[in-house]
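A.B. asks: Work out the full structure: start from the sequences and follow the hints.
Residue strings, one per chain:
There are 2 protein chains.
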Amino acid sequence: MGNISSPSLFIDLYELTMMQSYFFNNKNDIAVFDFFIRDREGTPRRFYVFAGLEFLIEFIENLKFSEEDIKYISELGLFKDEFLDYLRNFKFEGDIFSVEEGRIVFPGEPLVEVVAPLPQAQIIETALINLLQFPILSATKFARCFLVSRGKLLVDFGARRAHSLWSAEVAARCAYITGFHGTSLLSAGKKYGIPVYGTMAHSYIMIYEDEKQAFEDFAKLYNGTVLLVDTYDVEKGVKNAVEVIQKLKDYRIKIRGIRIDSGDLIENSKKARRILDEAGLQDVFIFLSGGINEYKIKEILEAFPDLAGFGVGTEATVSSDLPYLDCAYKLVEYSGIPRMKLSEGKKTFPGRKNVKRLYKAGKMVCDVIIPFSNPEDMPDESELDSDFDSYEILLKKVVDHGQVVERVEDKRKYILYCRDRFMRDFEMLPEYLKKLGPPEEGEKYPVLFGKEFSAILHSTERKIQEKI
Amino acid sequence: MGNISSPSLFIDLYELTMMQSYFFNNKNDIAVFDFFIRDREGTPRRFYVFAGLEFLIEFIENLKFSEEDIKYISELGLFKDEFLDYLRNFKFEGDIFSVEEGRIVFPGEPLVEVVAPLPQAQIIETALINLLQFPILSATKFARCFLVSRGKLLVDFGARRAHSLWSAEVAARCAYITGFHGTSLLSAGKKYGIPVYGTMAHSYIMIYEDEKQAFEDFAKLYNGTVLLVDTYDVEKGVKNAVEVIQKLKDYRIKIRGIRIDSGDLIENSKKARRILDEAGLQDVFIFLSGGINEYKIKEILEAFPDLAGFGVGTEATVSSDLPYLDCAYKLVEYSGIPRMKLSEGKKTFPGRKNVKRLYKAGKMVCDVIIPFSNPEDMPDESELDSDFDSYEILLKKVVDHGQVVERVEDKRKYILYCRDRFMRDFEMLPEYLKKLGPPEEGEKYPVLFGKEFSAILHSTERKIQEKI
Chain A
1 MGNISSPSLF IDLYELTMMQ SYFFNNKNDI AVFDFFIRDR EGTPRRFYVF
51 AGLEFLIEFI ENLKFSEEDI KYISELGLFK DEFLDYLRNF KFEGDIFSVE
101 EGRIVFPGEP LVEVVAPLPQ AQIIETALIN LLQFPILSAT KFARCFLVSR
151 GKLLVDFGAR RAHSLWSAEV AARCAYITGF HGTSLLSAGK KYGIPVYGTM
201 AHSYIMIYED EKQAFEDFAK LYNGTVLLVD TYDVEKGVKN AVEVIQKLKD
251 YRIKIRGIRI DSGDLIENSK KARRILDEAG LQDVFIFLSG GINEYKIKEI
301 LEAFPDLAGF GVGTEATVSS DLPYLDCAYK LVEYSGIPRM KLSEGKKTFP
351 GRKNVKRLYK AGKMVCDVII PFSNPEDMPD ESELDSDFDS YEILLKKVVD
401 HGQVVERVED KRKYILYCRD RFMRDFEMLP EYLKKLGPPE EGEKYPVLFG
451 KEFSAILHST ERKIQEKI
Chain B
1 MGNISSPSLF IDLYELTMMQ SYFFNNKNDI AVFDFFIRDR EGTPRRFYVF
51 AGLEFLIEFI ENLKFSEEDI KYISELGLFK DEFLDYLRNF KFEGDIFSVE
101 EGRIVFPGEP LVEVVAPLPQ AQIIETALIN LLQFPILSAT KFARCFLVSR
151 GKLLVDFGAR RAHSLWSAEV AARCAYITGF HGTSLLSAGK KYGIPVYGTM
201 AHSYIMIYED EKQAFEDFAK LYNGTVLLVD TYDVEKGVKN AVEVIQKLKD
251 YRIKIRGIRI DSGDLIENSK KARRILDEAG LQDVFIFLSG GINEYKIKEI
301 LEAFPDLAGF GVGTEATVSS DLPYLDCAYK LVEYSGIPRM KLSEGKKTFP
351 GRKNVKRLYK AGKMVCDVII PFSNPEDMPD ESELDSDFDS YEILLKKVVD
401 HGQVVERVED KRKYILYCRD RFMRDFEMLP EYLKKLGPPE EGEKYPVLFG
451 KEFSAILHST ERKIQEKI
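The listed protein sequences derive, respectively, from chains A and B.
Reminder that position 423 of the first sequence reads as 423 in this note's numbering, one-by-one numbering, no gaps.
Reminder that position 260 of the second sequence reads as 260 in this note's numbering, one-by-one numbering, no gaps.
Quick caveat, the hints were computed from the structure, so don't treat them as lab data.
Careful: at least some of the hints might be erroneous.
It does not matter which identical chain is meant; a pair holds if it fits inside one copy or across any two.
To be verified - 27 angstroms max Cα-Cα, derived DSS-like pairs, lysine-lysine:
#	residue 1	residue 2
1	239	347
2	346	236
3	212	463
4	236	463
5	64	191
C.D. replies: Okay, here's the thing in C-alpha cells:
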C-alpha cells in the first residue's frame with residue numbers, strides 16, 4: 001500500500017532503448033549530466049530549497065535488476081540477450097556531486113551533477129528527477145510559509161491530501177527542515193524524529209450529544225489540550241469552550257487553546273478572541289487551520305497578529321500554486337567534449353561545472369557558474385553589482401565511484417543537520433528575496449557566468465551551429 | 001526509496017488521541033463515515049472518475065500495529081498501557097461500501113461508506129483519504145485528455161515529475177483505466193501489464209557529433225521507431241530525418257514517425273508535415289510532447305488534426321490545474337443516530353446512504369442520494385427534469401466484517417475490468433458534461449435528494465440547531 005515493488009524499473013522505456021543502443025554502438029565513455037531548475041519568467045518563487053538527496057542516494061545504492069525485472073524487460077521483445085546479461089551485472093559506478101539538503105538555491109544553476117559511463121548516467125534519469133523534484137518543490141513551499149510566519153507555531157497537517165503516503169512523509173520532513181515545528185503525521189514522526197501535534201476532529205464533537213461534554217472528556221484525558229470550536233457554530237463553540245475551561249480549572253485541568261478550521265478565519269479569530277478576553281481567558285490561544293498557505297498566513301497575520309500559529313495542510317503539501325518544478329536532467333559533456341541542447345526555450349549549459357556563491361557582510365551577493373576545473377573563475381566585473389568579502393563552492397562530491405561518501409546512518413540527526421543548513425542560508429538571504437510574489441524587474445537573484453565558463457558556452461554553441 | 005516503512009502509522013496524531021478518548025469513554029458503537037468530493041463552484045471539472053479502491057483495501061487488510069509502532073506511540077507520553085494493549089490487538093472488522101473503480105462520479109455523493117465500531121472507522125481516516133484522493137484526481141485528469149483526443153494515441157510520460165515513485169505508477173494505472181494506450185514507465189508496465197512506449201531523448205542525439213548518425217544507429221536497432229527531431233533545430237532535424245528515412249529504406253528499415261517536444265507545437269507540426277510530405281513521406285507520422293494537457297490537446301487538434309498522438313506528462317500527472325481534490329471523510333451516523341456538521345461552507349449529509357443513478361436511452365439523467373435502507377426513495381417529481389427508463393445503485397459492499405468480498409488476485413486483469421467500467425460509463429455521459437471548463441449555469445449534473453433522505457437531512461439539522 002503506497003509502496004512500489006520494482007524501484008529499479010522506475011525507468012522510462014526510452015532510457016533503456018537508448019542504453020542498448022549505447023551498448024551496441026560502444027558509447028561507453030564518461031558522460032556528465034546536470035540536474036537544474038529552469039528559469040521561467042513569472043514563477044512565484046524568489047528562491048528554492050534543495051532537498052531529496054537522501055532518497056537519490058538510497059536509490060543509487062540499491063539499483064540493480066532482479067531476475068524478475070530482467071524477465072519483464074526481455075518479454076518486451078526489444079532487447080538482445082547480450083544486453084540483458086549486461087543488465088544482470090549492472091551497477092552504478094560513477095561520481096555524484098551535489099548541493100547539500102536544506103540549502104537555498106536558484107534556477108539555472110546545477111544542483112546535482114552526475115559523472116559516469118554514459119549508460120549508467122542515462123538510466124537513472126527518471127528516478128533522479130522524481131526523487132529530487134517533489135522534495136525541492138515541497139521544501140520551497142514550506143520555506144515560504146516559514147518566511148511570513150513571524151515566529152508563530154507552524155504544523156504540517158497535509159498528510160491526507162499528499163499524492164502518496166511517501167509524499168506525505170517527505171512533506172513533513174521538508175516542512176521540518178524549513179522551520180516548521182512539527183507534523184500531525186505519526187509515520188513521519190517515527191521515522192525522522194519530528195515532533196507530532198494534534199487536536200481533535202469535528203467527528204469527535206459530533207459523536208457527543210453535547211459539545212461541552214465532548215470538550216470536557218477530551219480535556220480530562222489530555223491536560224493542556226486545544227479544543228476545536230467550529231463544528232456547529234464558532235461563537236457558540238467558543239462560549240462552550242469558555243464554560244468548560246472555567247469548570248475544569250477547579251480540577252486543575254488546563255486548556256491551552258482553541259482551533260478554528262472554517263469560515264472567515266480573520267473574523268472568526270477576532271470574535272473568538274473577544275469572547276475569550278471578556279471571560280478573562282487572555283492566556284488561551286487561537287490556532288488556525290483550513291486552506292492555509294503562505295499568502296493566507298501573511299494576510300491573516302497582517303489583519304490579526306494575536307494568534308498562536310497555523311496548521312498548514314493541503315495547499316503546502318501539493319504546492320498548489322506551483323504543483324511541479326520545471327526541472328531537468330541534461331547531458332552537458334560526453335567523452336570530454338561539452339554538449340549543449342538548443343531546443344527553443346530549453347537551451348542547456350555545456351560542460352562540467354560548479355557554483356560559487358559570493359557573500360558580503362553575511363548576505364548572498366550572487367552565484368557564479370564556473371567550470372569544474374577552475375574555482376578561480378569570476379564574472380566580468382561589469383556584471384557584479386557589488387563587491388564581496390567571501391565565497392563558497394556549493395557542489396560537493398557525495399558519491400565516489402559508486403560509493404557513498406557519507407552515508408546517512410541516523411535519519412533523525414541528519415534532518416536536524418539539514419534544518420540547521422537551511423537556517424544558516426535563510427539568515428544570509430537578502431531582503432529583496434523575502435517576498436512572496438514572482439521577482440519584479442531588478443529583483444531576481446543574479447546567477448552569473450564566470451568568464452571562462454562563458455567562453456566554453458559560446459564556443460560550444462558556435463561549434464554546434466556550424467555543424468547543423 | 002520511495003517507500004514508507006510503517007504504513008499502519010499513516011495516522012494524524014488526533015485520530016489516535018480521539019481513539020483513546022473513545023476507548024476510555026466507551027464510545028465503541030457503530031459509526032458511519034462517508035468519503036465524498038465537495039461541490040465547489042468554479043472547479044474545472046464536470047465529472048470525476050473514481051479510483052484507488054484497490055489501494056484502500058490493501059491498506060485495510062494489512063492494518064496492524066507492530067511492537068515497534070507501539071513503542072513509538074508509547075514514547076509520545078499521551079497514551080495509557082490499557083489503550084496500547086488494545087492497539088496491539090487492533091484489527092479492522094467493519095464493512096465498507098464503495099463505487100467501482102473506473103466509474104464516473106460527481107461531487108456531493110458518497111463514494112465510499114465505512115460502517116464500523118467508531119475507533120476503527122476513525123483510525124483509517126488519514127490513509128483512506130490519501131489512498132483515494134490522488135487516484136481520483138489523476139484518473140479524472142487523464143479522462144479529460146481522453147475526452148478531447150479524437151481517438152489519437154495517448155501515452156503517459158509523467159513519471160519523472162509525479163510527487164513520488166508510487167504516484168507515477170498510480171498515474172500510469174489511472175491513465176490506462178481512462179483510455180490512454182500506454183505509459184513510458186516500466187515499473188507500471190510490469191505491475192499492471194500496461195503497454196509501454198518510448199522513443200529517444202535529446203541526450204541521445206547530443207552524444208553523437210552528427211544528428212543523422214544518431215538517427216541511423218537508433219533506427220537500425222529498433223525497426224519502426226520514432227525519431228526526436230528538435231534537439232538543435234526542428235526544420236533541420238526533420239530534414240535530417242528525411243535523409244535517414246530514405247537511406248534506410250534500402251535496408252528495409254522503416255521509421256514510423258517523428259516526435260517534436262518544444263517550441264510552438266502547432267507551427268512546428270505544420271512545418272514538419274510539409275517537409276515530410278514534400279519528400280513523399282505522407283505515411284511518417286508526427287507525435288507531440290512537452291507541456292501537453294487536455295486544453296492543449298483540444299487546441300492543437302483544432303488547429304492541426306493530422307497528428308498521430310501525444311505524450312502527456314507532468315501537467316496530467318500532477319493534475320496541474322487542480323492539484324488536489326476538495327474531498328473529505330466525515331461522520332454521518334453514530335449509534336444509529338444521523339450526525340451532521342454545520343461548519344461554514346463545510347456542511348455534511350447525515351445518515352447511512354447510497355446513490356441511485358437514473359438513465360434514459362443509455363444516458364445518465366441524474367444521481368439521487370437515498371437512505372441506505374430504502375432503494376425505492378425518489379426525489380420530488382418537480383426536481384426531475386426528465387423521465388428515466390432504468391436505474392442502478394452505485395455503492396456495493398467490498399469489505400464485510402473486515403473480510404474483502406472480492407480480492408484483486410490479478411492486477412493486470414483487474415485494470416482491464418476498470419478500463420471497461422470507465423468506457424461503459426463514458427458512453428453514457430451526457431454531451432453537456434463532455435466539455436473542459438467548469439460547468440456553466442444549468443450545466444451541472446444533477447445530484448438530487450430522495451424525499452426520505454431529504455426528510456432525514458432536515459430533521460437532523462433541526463435537532464442540532466435546537467441543541468446548540
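A.B. asks: When Cα atoms must be at most 27 angstroms apart, do residue 239 and residue 347 count as within-copy, between-copy, both, or neither?
C.D. replies: between (62 angstroms within a copy, 21 angstroms between copies)
A.B. asks: Using 27 angstroms as the alpha carbon limit, work out where residue 64 and residue 191 are close: within a copy, between copies, both or neither.
C.D. replies: Classified as both: same-chain Cα gap 25 angstroms, cross-chain 17 angstroms, threshold 27 angstroms.
A.B. asks: Evaluate residue 236 and residue 463 at a C-alpha cut-off of 27 angstroms and name the case that applies: within, between, both or neither.
C.D. replies: between (75 angstroms within a copy, 16 angstroms between copies)
A.B. asks: Checking an output row: residue 346 and residue 236, CA cutoff 27 angstroms. Within, between, both or neither?
C.D. replies: So residue 346 and residue 236 pass the 27 angstroms test across copies only (17 angstroms; inside, 57 angstroms).
A.B. asks: Could you place residue 212 and residue 463 in one of the four classes (within, between, both, neither) given a Cα distance threshold of 27 angstroms?
C.D. replies: Between copies, since 17 angstroms is at most 27 angstroms while 77 angstroms is not.
Checked against the numbered hints given earlier, the structure satisfies every one of them.
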